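Take a look at the letters that make up each chain.
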Amino acid sequence: MILSFLKIAIRTLRRDVLLSAINIMGLAVGMCASLLILLYVRHEISFDQFHPLSEHTYRLTSKATMPGSATFMTPTALGVVAPALESHFPQVEHAVRIYQYGTTEIEYNKKRFTEIKFFWADSNFFKLFHFPLLTGDAATALARRNALVVSKSVADRIFGDENPVNKTVTMYGETYTITALVSDPPECSSIKFGMIGSFSSLSEPGSPDVTRRDGVSFFTYLAIAPQADNQSTHNAITKFTDSLSRIFFKDSGIALKTGLQPLANVHLNPMTSLEPERGGSMNSVIMFTSLAVIILLVAVVNYVNLFTVRGDRRAREIGLRKVVGANRLSVASQFIAESVLTALLSWLIAMPLTELLTVPFANLMSIELNERISTHGLLLTASLAGSVLTGVLAGAYPAFYLSRFQPGRVLKRGLSGKTRHGFLFQKILVTLQFSIAIFMIVSLGVMYFQVNYLKKKQYGFEKENVLVMKDLTKKIRKSYEALKGELLHNPDILMVTASQSYPGRFRSIQTSYPVDKTVDQAIKIHENRVQPGFCETLGIPVVEGNSFDAGSAADSNSALLNQAAVKALGLTNPVGSEIMVWKSRVRVAGVIADYHFLSLHNTIEPLVLTRYSPNISAIIIRIKKGADIENTMKFIADKSLSFDGIYEANINLLDKSLEQLYDSESRSNKLIEIGTLLALVLSLTGLFALSAFILQQRVKEVGVRKTFGATDNQVLGLLNTSFATWVLIAAIPAWPAAWLVMDNWLSRFSYTISHPYLLYPVAVLVTLLVALIATLSMSYRLSRMNPAEALRYE
Amino acid sequence: MIKTVNLSKVFRTDEVETTALNQVTLEVKSGEFVAIMGPSGCGKSTLLNILGLLDNPSSGEYFFTDHEVSKFSEKQRARLRKENIGFVFQNFNLIDELNVFENVELPLIYLGMSSAERRKRVEEVLEQMNIIHRKKHFPLQLSGGQQQRVAVARAVVARPKMILADEPTGNLDSAHGEEVMNLLDGLNQKGTTIIMVTHSQRDAEFAQRVVRLFDGQIINENIRERVI
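Protein chains in written order, with the numbering used here: chain W, 1 to 794; chain L, 795 to 1022.
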């Protein structure tokens, strides 16, 4: 029996090579695309799960309420919290602080190595987190003062083939000893590092405790004993932590509310710009999962459609089989067997295809996918089961529908008896595909316009022709003024300034209030400590008062406010007034226009530029329009070398790095673009094959109509109107769905395009065009048929 | 009404060349009722298709109301067809998706007639064919005889000068067949030219003249005097 089924299945496939190829390849490509996306989604949701304690590990978050009732969230806590929790709560197995998560530079053997990912961590770091040590002892590696643990890749970079353990290096003038070598943190870790310093190194004898000096700046992780990991423990912990912060902030009017964020949620729920690592987003995960489902749906619908439409054509065969003794069940099982076999063929193609495309796909998404479909038991079995199910589903309709007919009737006139509602099932499925296509085109369009809008949007300053030099070394920072003088000798370099933050990268949030008010009226304000020429170099307009006056006695305590800050502080005559910025008293020299110092995801918030700090972390250089950028960059790098012989300059174009703020959206767009294209192509091939069958059913009608006077073009119009009608019907569910989803998506941005309603009819037109491409050649041929031929054909 | 001179039709496929009609010369006068008879495959339907302007001959001349039409394009033929010829087929060739009214209405739509005029004409002819009570039904809900009455109604609704019938009773029992033949006869009485392909001697007796075809050639023409 099975053998006979197989034989028929293979012959049926061979009879219609093109249709079979479309059918098998369509499902295979759909499966492959959705599997790739699911691999990506799995990568995103698997972050931090490799730690054995992951399930019971939490990160402390703080919601800070400023005196003026402004609030902000931070994924950090007070430095005193972790040790206090560990000693106070037996349920807390480990509490680890991570401090100053950023980059560092070290010297070894007279060579300097910059841009090493670095933080300080408590000695129990390796007890809570599972980063296997290659050499060294996890229990003691971070116990001593001035101990460093180095990751494999950084060790390779610095020490080459040498064993790093017990080597000494210099970091910011102090000597440290490498105590352990640790394997690189995996791609799916929200904590990444090249080096970790022992927390105890921070407590210098005689200087104030770092936890006193720095406020809510400590990433704090807790592992709670599994049996005690419940709401009441969480409540007790947050209550206790809140009481600690009340003691810490007793005079300032700042209140902290602590929260516990599960470690597994950290990656997908990043908190503000204060996150040390670029997180993912739950929204994208949902979006991509939907995309995978949609593509798979289109492919499955296609498959079912192509299979069933072929089944209809085989009505006569079924009639004959029944005449010679087949019963309903055997006819039904034959169809299901055929369909399952075809689906399995698709699966056999999809698997190696997925394997082959994993790396290019990961590159496209700028991630590292360590998992492969071939080694991923769950996805492998799930996709296999899925294709069998698709096969059963596709086979079930013709199996049970066609096996129902009376053999005599089917033999006599095929399925013409059902043509009044003929292909209704397939028409519904094709309409569903069109709906999906319209939905996808609208979504893609909205996303494209929005991202483009963000990239092109005016920031309120002149972001073009600006270079930013980051990762400054101590020597470079110290010689800033001299370096600036050197740089200005180049005629292509117009202005040079420096600051702590630069557009797109802001870390410092302070409180501020006018001196004639009290601290409980303070507002939240972003602060940037800048050097003279900051506004001029970036082209930020000063709308009131003056910019900084370099060299004047008053300059070092003067400040510039943006318009949002003036409004928030309630200053009627800002210029000349005095305000507090955290604990420093400054005089407002001028007001600058509101400009976007963060990404356009955020609205413009209050900002103060201050002059009192000589500390800089970036040098900002305005170059001549049309200047040779590469040469200028080289010039800057060379000049920097003359101040620090082993400095590798890191220089970027400001407008390019601002565009990178929308990387995640651009990447989503890319994926959605490919997905939409795929969905369209799949629909196109599906419709191509389906229309061939439907048109075949209409040959007689065409003959009759032409016999009674219809012209070629009337027939052509008639045939294509029905396809066009499906597309129009498809718009009915697609439009509101697209509107809802895209309106929601747009609401995540502070600055959005107005909803592009024109896209909706355009999407329908594009889909219509695709439908016409699929059907036109065949319907044209049919409409040109001689009526005699058409009737004879019948 | 029509005249053919040395009309031939050759069908070519990759391997074979079949001569369906060979030098057929035939004249049918206005108001005549002609039956074409012959064995299966002798070219009857091919001849009817050419006479009905559904197909072009491979060679020879075809005069339709004094115009030489054998080289007409499909567009020109379509115009002549819809204005002058009605068709009745053995298998009825009704469109399953359209109901009785809509099937009959079809030729009038292609003539560009107004909807009110169409309604009037269709109801009139359905009345005439005694099928008006079924006008909302779909072809598959009708018996064979009823379907053929609808097909005849469709053939006459545009008041053609000529009706071509291809074995109009071939799929009908004798009672229904008789009914259809009476309809055609009635139309002929009123002046419509009728050319009918048939296997049935009984049906042929309704015609004034029988043309016998064999292997694509006319072998015999009998003029019958009608016995009323």
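Calculated directly from the structure, the hints in this document are not laboratory data.
Computed from a predicted structure; not experimentally measured.
Please note that the accuracy of each hint is not assured.
Partial chain W-side listing against chain L, Cβ under 7 Å, derived [said to hold, decoys possible]:
no.	residue
1	Ser46
2	Thr431
3	Leu432
4	Phe708
5	Ala710
In silico negatives: residues of chain L with every beta carbon more than 10 Å from chain W [as the list claims (entries may be wrong)]:
no.	residue
6	Gly835
7	Asn850
8	Glu868
9	Lys869
10	Ala872
11	Arg875
12	Glu877
13	Pro901
14	Leu905
Note that CB positions come from ideal geometry on N, CA and C, so glycine has one too.
Evaluation of the provided hints:
{"no.": "1", "hint": "Ser46", "verdict": "violated, 54 Å"}
{"no.": "2", "hint": "Thr431", "verdict": "violated, 18 Å"}
{"no.": "3", "hint": "Leu432", "verdict": "violated, 22 Å"}
{"no.": "4", "hint": "Phe708", "verdict": "holds, 4 Å"}
{"no.": "5", "hint": "Ala710", "verdict": "holds, 5 Å"}
{"no.": "6", "hint": "Gly835", "verdict": "holds, 13 Å"}
{"no.": "7", "hint": "Asn850", "verdict": "violated, 8 Å"}
{"no.": "8", "hint": "Glu868", "verdict": "violated, 6 Å"}
{"no.": "9", "hint": "Lys869", "verdict": "violated, 6 Å"}
{"no.": "10", "hint": "Ala872", "verdict": "violated, 5 Å"}
{"no.": "11", "hint": "Arg875", "verdict": "violated, 6 Å"}
{"no.": "12", "hint": "Glu877", "verdict": "violated, 8 Å"}
{"no.": "13", "hint": "Pro901", "verdict": "violated, 4 Å"}
{"no.": "14", "hint": "Leu905", "verdict": "violated, 7 Å"}
In the structure shown, a violation is registered for the earlier hints numbered 1, 2, 3, 7, 8, 9, 10, 11, 12, 13 and 14, in ascending order.
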